[in-house]
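Order-wise, the sequence lines are chains A and B.
Quick note: the first sequence uses full-length UniProt numbering, first residue 1, plus one each step.
Quick note: the second sequence uses full-length UniProt numbering, first residue 1, plus one each step.
Errors might be hidden in some of the hints.
[To be verified] Pairs of lysine-lysine, DSSO-like flavour, derived with a Cα cap of 27 Å:
hint, chain 1, residue 1, chain 2, residue 2
1, A, K241, B, K51
2, A, K232, A, K316
3, A, K327, B, K73
4, B, K51, B, K73
5, B, K36, A, K241
6, A, K164, B, K51
7, B, K36, A, K327
8, A, K327, A, K236
9, A, K274, A, K327
10, A, K327, B, K51
11, A, K254, A, K225
12, B, K51, A, K316
[Claimed, not checked] Over the 10 Å line for every Cβ pair with chain B, so calculated as not near, a few chain A residues:
hint, residue
13, R80
14, I94
15, G165
16, L213
17, P219
18, Q234
19, V250
20, W273
21, G283
22, E318
Keep in mind the hints are simulated off the structure, nothing from the lab.
The beta-carbon is built from N, C-alpha and C at its ideal position, and this holds for glycine as well.
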Amino acid sequence: MMTMNRWLTFLAALLLAGCAQTGLRGTGDLGVVVERASGRIAIVDTTAKSIIASVHGLGDLSHASVVFSRDGRYAYVFGRDGGLSKVDLLLARIDKRVMQAGNSIGGAISQDGRLVVAQNYEPGGIKVFDADTLELLSEVPAQSKVVGLADLSGNRFAYALFDKGEIWISDLANPRDPKTQKYPAGQQPYDGLVTPDGRHYMAGLFGEDGIALLDTWRPELGSRKILEHYGKGQEKLPVFKMPHLRGWAVAGGKAYLPAIGRHEVLLVDTATWKEAGRIEVKGQPVFVMARPDGRQVWVNFAFPDNGWVQVIDTLKGEVVQTLQPGKAILHMEFTPRGEQVWLSARDDNLVSIYDTQSFARLTTLQAESPSGIFFTSRAARTGF
Amino acid sequence: MIAATADAAEPDSARQRELVRLVRQDCGSCHGMTLKGGLGLPLTAEALRDKPFDGLVATVVYGRPGTAMPPWKTMISENEAEWIVRQLMQGFPEEAR
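Next up, chain A with everything else stripped away, as it sits in the complex (with noise of 0.2 Å):
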């Protein structure tokens, strides 16, 4: 006869085999696609180039974005209509879920891991969570439209302020006791971004020529504009879609940048903050996104051009490659090293991946009116 210690411990050896066989994995080559009009997630394995699972009901994701937790477990998904879930990659499903706003446009996560922090539009301001709990600590009313959220060091958070014009830094220190200090930004900034050091924030302007830089190592400076009268006066095109600059892209000391109304790239300087030059490029371009070695940076672009893509060789500085992925490719992600870069064709419910090398198009995998791809690799980097 079986003593029960024994009994429970063939129990315990049954179980352990049992999870042996559904596989231990990491998630570091994990990521999720975004099916903006489907409330739905899709989760993929950038190894096997592959869908491993889907999660289902998470709201209006017309507008979603998603930051990962630091131990690249689960995936913080932020949907227009306030909805913030809590998606457990390695069981797919929804671990936590709140609706925290009106109208939300996207978040960010603290240094340390510990706090989640929604951006909103309506009401205008952010709120800070608790990244395992998602209970909900602070926030800052802003009586305006908040853009371009980005987590500093010491978990502190730089943003935007569309209706305001300012660029606020919130230090969350002491999450239910945040300070906040505010500096002038200009008119209507539509997004914002941090380099790769955590070091500058900006944020790009819609409603005059220039871009707002703020040292956030010395925000007693103040900030300062830059790429001031890039459009030169000229009347801009119509703009039919918001660039968006999260995919900051930097390389051999330049960053590149979307012109905002016209058919260019702009460069910077980052020793010196001064214009280092255009690209001519198809379209208005929407993310401007740096493969992660710097060689090559990538252009997606707005509407009526956006079955385009084009890449830039950095060191060539000239566009080297133009490619028609599919219908409005709203989105590119690179794999964590680079090799691959994923994008997404809403119209043809496509996301296709291509070789950053070659330029082949590797496979394709269907998914319904794809947006946003984002990979766990970002809950490592500043800004992402």
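Following the hints, put chain B in place on chain A, whose structure we already have.
Chain B alone, transformed into the frame defined by chain A:
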């Protein structure tokens, strides 16, 4: 350039489908795919109830200088803008699947 508007005929059904997609997807990038607003104002029937029809059509065609609303006249005709505004004021159709 405004396309021919000799008669005020409605866009044909194929074009209507394109326009619905344009509004949901491309206008939706600022106004939200559900048209409940974003960087741009809400475009639900309720939000537009007290707005003048002609003013809304003019906003679509010529844009609103000083705001992020661009002129759409290179993409759609005045007739089509009128059709879109009429649909918006009645509650905009969903995209056919």
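Results of checking the hints against the structure:
no.	hint	result
1	K241(A) with K51(B)	holds, 24 Å
2	K232(A) with K316(A)	holds, 26 Å
3	K327(A) with K73(B)	holds, 22 Å
4	K51(B) with K73(B)	holds, 21 Å
5	K36(B) with K241(A)	holds, 17 Å
6	K164(A) with K51(B)	holds, 26 Å
7	K36(B) with K327(A)	holds, 25 Å
8	K327(A) with K236(A)	holds, 25 Å
9	K274(A) with K327(A)	violated, 36 Å
10	K327(A) with K51(B)	violated, 35 Å
11	K254(A) with K225(A)	holds, 17 Å
12	K51(B) with K316(A)	violated, 53 Å
13	R80	violated, 6 Å
14	I94	holds, 21 Å
15	G165	holds, 13 Å
16	L213	holds, 22 Å
17	P219	holds, 27 Å
18	Q234	holds, 15 Å
19	V250	holds, 26 Å
20	W273	holds, 26 Å
21	G283	holds, 13 Å
22	E318	holds, 29 Å
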